[in-house]
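Numbering (this note's numbering), first residue to last: 1 to 214.
No lab work stands behind these hints, which were simulated from the structure alone.
One thing to keep in mind: the hints can contain errors.
[Said to hold, decoys possible] List time: in silico DSBU-like cross-link candidates among lysine-lysine, alpha-carbon distance up to 35 Å: (1) Lys160 to Lys202; (2) Lys197 to Lys117; (3) Lys16 to Lys179; (4) Lys179 to Lys89; (5) Lys9 to Lys196; (6) Lys196 to Lys16; (7) Lys56 to Lys7; (8) Lys89 to Lys9; (9) Lys193 to Lys9; (10) Lys56 to Lys179; (11) Lys193 to Lys56; (12) Lys173 to Lys16; (13) Lys179 to Lys142; (14) Lys56 to Lys117; (15) Lys89 to Lys117; (16) Lys197 to Lys142; (17) Lys197 to Lys89; (18) Lys193 to Lys16; (19) Lys160 to Lys193; (20) Lys160 to Lys179; (21) Lys16 to Lys142; (22) Lys197 to Lys16; (23) Lys56 to Lys142; (24) Lys179 to Lys117; (25) Lys7 to Lys193; (26) Lys142 to Lys9; (27) Lys173 to Lys160; (28) Lys9 to Lys56; (29) Lys16 to Lys202.
Keep in mind that this is a model prediction, so the values were computed, not measured.
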Amino acid sequence: MDMDFFKAKDTITVAKALLGTLLTYDHLGQQYAGYIVETEAYLGQIDAASHAFRGKRTVRNEALFAPSGAIYIYQMRGLYLLNVITAAKDTPEGVLIRGIEPVINLTQMIENRHGQKGINVTNGPGKLCQAMALHTLSYNGKRFGEVPLDIEVDHRAVPKTVLAASRIGVPNKGEWTEKALRFYVAHNPYVSKLPKKMMDFKTRGWQTDESTNF
DNA sequence: TTGACGATGCCCT
DNA sequence: GGGCATCGTCAAA
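Kindly generate the complete structure, drawing on both the sequences and the hints.
Right, dumping it as structure tokens:
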């Protein structure tokens with residue numbers, strides 16, 4: 001991953017810019033990849049929904065304080081959730097990857113998801129990690145590309161429209177519950193909790209046939 | 001096809 | 001022992 005990607009970008013800008021980039025992972029001889037279609041920005045100490053709200057710093061969220069380009073993975077109810085760190089060292093801001101569109105190795109992804117098919121393979125933050133067999137905390141604090149987990153920001157699909165909405169699973173946090181800090185590729189079927197009638201299975205919300213970029 | 005809810009593992013107090 | 005940046009199942013339309 002080219003670290004210039006983060007240059008002069010705040011966390012919200014990074015969250016939008018990540019849409020359409022390619023998330024890749026190599027594990028046990030299997031290669032996995034998918035276009036990022038949904039992200040959420042978490043704005044550090046001031047954000048009531050952030051793991052680092054009011055500067056909270058523990059062994060679990062330590063990677064949030066790493067410099068931009070670092071990986072932050074944590075577990076919830078036995079699932080793994082993947083974040084991109086976006087700001088300078090000791091500024092605990094990041095972006096949660098909430099959905100990807102499978103590009104490479106869909107067959108193995110379905111198997112990893114215990115037979116779940118279609119959009120259910122990768123339309124959620126826990127689901128996409130399970131699909132790619134990403135189930136380790138050992139990459140925490142490492143940089144994308146330094147380990148078999150990477151984000152390709154050059155070979156990318158271009159969203160026709162990017163929409164913003166409130167974040168999912170953030171209840172009772174006042175203004176931070178309402179803020180539009182979730183970003184997604186309009187009409188892409190792999191966006192979590194998108195109403196079926198909004199999905200476009202033909203263009204999937206990309207500007208052009210993104211397969212030609214690959 | 002959508003919304004409600006219970007299961008579930010682990011970190012933190 | 002509480003709480004959680006979730007998921008899959010079930011029931012009703």
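- Task: Identify every previously stated hint that the structure contradicts and give their numbers, smallest first.
- Result: Hint check: 14, 15, 16, 17 fail, others pass.
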